[in-house]
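Protein sequence lines, in the order shown, are assigned to chains A and B. Numbering of the first sequence is given in my numbering, commencing with residue 1 and proceeding in unit increments. Numbering of the second sequence is given in my numbering, commencing with residue 1 and proceeding in unit increments.
Treat each hint with caution, since some may be false.
[Said to hold, decoys possible] Only pairs whose alpha carbons sit at most 30 Å apart, straight line, appear in this in silico DSSO-like list of lysine-lysine:
#, chain 1, residue 1, chain 2, residue 2
1, A, K91, B, K205
2, B, K125, B, K205
3, A, K280, B, K334
[What the hints assert, rightly or not] Chain B regions said to be covered by chain A (calculated; three or more residues, Cβ under 8 Å):
#, segment
4, 144-153
5, 317-330
6, 372-385
7, 406-412
Please keep in mind that the hints were generated in silico from the structure rather than gathered at the bench. Here a beta-carbon is modelled for each residue, glycine too, at the ideal position from N, C-alpha and C.
These are the residues of each chain, in order.
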Amino acid sequence: MLKKLFGKKGSTEAEVPAVPSAEEQTAVPDAPSEEAPEGEEPKLKKGFLRGAWEATKKLALTPVDPWFEAVAKGLDKTRAGLVNKVASLFKMHGKVDEALWEELEDILITSDVGTAATEKIIDQLREIVKEKKLTTAEPLLEEMRTILGAVLNYDGADVPEEPVDPLNVEPGRLNVILMVGVNGTGKTTSTAKLTHRLKSKGHKVILAAADTFRAAAIDQLLVWGTRLGVDVIHQNEGSDPAAVVFDAVNAAKARKADVLIVDTAGRLHSKVNLMEELRKIRRVLTREIPDAPHETLLVLDATTGQNAVNQARTFNEVANLTGLVLAKLDGTAKGGIVVAISQEFQIPVKYIGLGEKIEDLQVFHPKPFLSALFGETDG
Amino acid sequence: MFDSLTERIQGVLNKLRGRGKLTEADVNDALREVRRALLEADVSLAVVKEFINQVKTRAIGEELWKSLTPGQLVVKHVRDCLVELMGGTQADLELADSPPTVILMVGLHGAGKTTSTGKLALFMKNRGFKPLLAATDIYRPAAIKQLEVLGNQLGIPVYQLGENASPLNICRGAYKQAKENGNDVLLIDTAGRLHVEKELMDELKIAKEEMKPQEVLLVVDAMTGQDAVNIASQFSEQIGITGVVMTKLDGDARGGAALSVRQVTGAPIKYIGIGEKSSALEPFHPDRMASRILGMGDVMSLIEKAEQAIDEEQAQLLEKKIRENQFDLDDFLKQMQQIRKLGSITDLLSMLPGVGSAIKDLPVDEKAISRMEAIIQSMTAQERRRPEILNASRKKRVAKGSGNQVAEVNRLVKHFDMVKNMMKMFTGPKPKFKKGSLPFRLPF
Numbered sequence: 001m002l003k004k005l006f007g008k009k010g011s012t013e014a015e016v017p018a019v020p021s022a023e024e025q026t027a028v029p030d031a032p033s034e035e036a037p038e039g040e041e042p043k044l045k046k047g048f049l050r051g052a053w054e055a056t057k058k059l060a061l062t063p064v065d066p067w068f069e070a071v072a073k074g075l076d077k078t079r080a081g082l083v084n085k086v087a088s089l090f091k092m093h094g095k096v097d098e099a100l101w102e103e104l105e106d107i108l109i110t111s112d113v114g115t116a117a118t119e120k121i122i123d124q125l126r127e128i129v130k131e132k133k134l135t136t137a138e139p140l141l142e143e144m145r146t147i148l149g150a151v152l153n154y155d156g157a158d159v160p161e162e163p164v165d166p167l168n169v170e171p172g173r174l175n176v177i178l179m180v181g182v183n184g185t186g187k188t189t190s191t192a193k194l195t196h197r198l199k200s201k202g203h204k205v206i207l208a209a210a211d212t213f214r215a216a217a218i219d220q221l222l223v224w225g226t227r228l229g230v231d232v233i234h235q236n237e238g239s240d241p242a243a244v245v246f247d248a249v250n251a252a253k254a255r256k257a258d259v260l261i262v263d264t265a266g267r268l269h270s271k272v273n274l275m276e277e278l279r280k281i282r283r284v285l286t287r288e289i290p291d292a293p294h295e296t297l298l299v300l301d302a303t304t305g306q307n308a309v310n311q312a313r314t315f316n317e318v319a320n321l322t323g324l325v326l327a328k329l330d331g332t333a334k335g336g337i338v339v340a341i342s343q344e345f346q347i348p349v350k351y352i353g354l355g356e357k358i359e360d361l362q363v364f365h366p367k368p369f370l371s372a373l374f375g376e377t378d379g
Numbered sequence: 001m002f003d004s005l006t007e008r009i010q011g012v013l014n015k016l017r018g019r020g021k022l023t024e025a026d027v028n029d030a031l032r033e034v035r036r037a038l039l040e041a042d043v044s045l046a047v048v049k050e051f052i053n054q055v056k057t058r059a060i061g062e063e064l065w066k067s068l069t070p071g072q073l074v075v076k077h078v079r080d081c082l083v084e085l086m087g088g089t090q091a092d093l094e095l096a097d098s099p100p101t102v103i104l105m106v107g108l109h110g111a112g113k114t115t116s117t118g119k120l121a122l123f124m125k126n127r128g129f130k131p132l133l134a135a136t137d138i139y140r141p142a143a144i145k146q147l148e149v150l151g152n153q154l155g156i157p158v159y160q161l162g163e164n165a166s167p168l169n170i171c172r173g174a175y176k177q178a179k180e181n182g183n184d185v186l187l188i189d190t191a192g193r194l195h196v197e198k199e200l201m202d203e204l205k206i207a208k209e210e211m212k213p214q215e216v217l218l219v220v221d222a223m224t225g226q227d228a229v230n231i232a233s234q235f236s237e238q239i240g241i242t243g244v245v246m247t248k249l250d251g252d253a254r255g256g257a258a259l260s261v262r263q264v265t266g267a268p269i270k271y272i273g274i275g276e277k278s279s280a281l282e283p284f285h286p287d288r289m290a291s292r293i294l295g296m297g298d299v300m301s302l303i304e305k306a307e308q309a310i311d312e313e314q315a316q317l318l319e320k321k322i323r324e325n326q327f328d329l330d331d332f333l334k335q336m337q338q339i340r341k342l343g344s345i346t347d348l349l350s351m352l353p354g355v356g357s358a359i360k361d362l363p364v365d366e367k368a369i370s371r372m373e374a375i376i377q378s379m380t381a382q383e384r385r386r387p388e389i390l391n392a393s394r395k396k397r398v399a400k401g402s403g404n405q406v407a408e409v410n411r412l413v414k415h416f417d418m419v420k421n422m423m424k425m426f427t428g429p430k431p432k433f434k435k436g437s438l439p440f441r442l443p444f
């Protein structure tokens, strides 16, 4: 199936709509000049995923522009920056040899992809080289795209014109979204951003301040509640978070809200008692609404290294994750950990956090991300 | 679970045994395992490469390959190199000639600056200083409040001017107040910022130039990945740092960022954050960190973990009970629950040196404790106090109530008797348990 998706170069190009060139020019006023020097740089070891994230970021931050146009934009930037780097790795080496694999390994590892996932990807590529008796490195770019597409569970779906929130939120019921993660990843900020998104789509959102542990965490959410004009159900610091959640469910029902977002305390996944607390929160939710929580999102800090895999594993065991939010992807965050996590678990990235403003939470879609990584290299 | 590094290296070298001389390529193979271990621990690639080169030079020179267990020797060398690179214990802070000493806390969002500021203030207060905290994070909602709450809990004053003042003005005001009130340490908590945000970095630069702090501590999350080098070098170049506080080391991150940060900035790691409580701040121990990064057993951490989880009062009560031969199933249950607090059994075992790889394929029944708990909880109070009254019909009831077979109940009672007997042996004439030491063997 993946062959069908990625094998034919023609089809990928066809999916990127033809944007009138004049419009494209005006759409990217600063990109070319910015990227020109970088394109010539033969530095290969940096920013394997960075270019893709940047393109995705740019795409995601394009507010009203049709996504398609933004895809083209993203690709432009990438063509100038990243793809040239990866592509020129394959080109420069020409033939397939150990030095090539080593270089590729370095690129992947410095992006936080991790040793295990990196080895897997490279092993697969080696296998392909053997099978297809490849002598030049160039075709490997396309092969790698296929492999990464599979890793990211990309089903070939096209980018919708309007980004659709990838949430199990249905009308006519109270939808519960549980936000979990270790300390300091950006749960509360992501909660606020998600609230903003859902509210602007017409949902009536209520927040539950279930971080009753950290100093002033409740106040932090209350400030957001006031700014966003949504109710925040809270108790005193130190109270039982499960009790807050219980209150919040009832308040949400009484106030006829259709989305309840529960902001939980940061907890290290290795602390058994805190994970038990999380289990209890879930139990309370499920008791009040049988199929709740409808979404359990793990908020990951994009600068996190291999420990993120442990985080995903334990939180998934305890809380049945339905998605990831990759926060703090602005700046130079690498975020390659997504590849490592996707390699091991079937948990999709649902949102990416790109800044400190309330609008800076965007829907993640693998297609522009992959296209940015591997799109139209020989075009 | 990771294979133990020693074993992996030994494996590589074993293959070469009996072939006579070792070539440089063989050495490289062994060091490749080291490289992998370091990368898995999130040490930055550039740092790993440099480090491997250093170890190589050192290792080859010493002819350790003639040893019977070269694997262990390689690891020892690697570990020594790591310890050396991360520097000694250097928790001492630079103090100002005329107080107050100014300490600036900087770092990315969510690294744990505010929490660490509170912890460090308490640490200094306990050593006789009179700290003042300054809240300059005017950006994140309720960040000032967070520091205020912390200050309140710790009995340490907090200076703030609300969210509309400029951070620089807050710094100035705080300095003035510290001077007036005789506070000899001023800890400035700053807003989280990305090292690529020019405006915010400039704001910090200006504050530093004006305040002339004795210490600029970079707060780094132990879970940070490959980007640690960039973060550290940017903060180091743009602001200039004198030391590092590494946070969240109570998690299971291997903390390779410690090595990267140290290598890139040259600034010592001064403190580590090891828990959510305000007292959970410690001077940095490079030897422990080295073991941790290499994924080797960490007995010290295990002991500390046990100390944290086990309540001293309860331990004393238990000791008394054991001596008076009153240890019953209720106490047994309590003990099991305390052990559970330590984390999963697999995790605990992996902290023991040498066990790491041995238990890899051993099915550890994490639910065993839960089952035992259920059984005990299905007993009446009387049965718990005097397990000997458990006859066939009682056992049947307990088994049914806890969803187990009678055999399981029997096993538990037998186990309990064993533990009880064992404890009697431990408690000699004058038993003295140190705080938190496990008074008897774990029931598994």
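Evaluation of the provided hints:
| no. | hint | in the structure |
| --- | --- | --- |
| 1 | A:K91 <-> B:K205 | 43 Å, violated |
| 2 | B:K125 <-> B:K205 | 28 Å, holds |
| 3 | A:K280 <-> B:K334 | 20 Å, holds |
| 4 | 144-153 | holds (count 7) |
| 5 | 317-330 | violated (count 0) |
| 6 | 372-385 | violated (count 0) |
| 7 | 406-412 | violated (count 0) |
When the structure is compared with the earlier hints, violations turn up for hints 1, 5, 6 and 7 and for no others.
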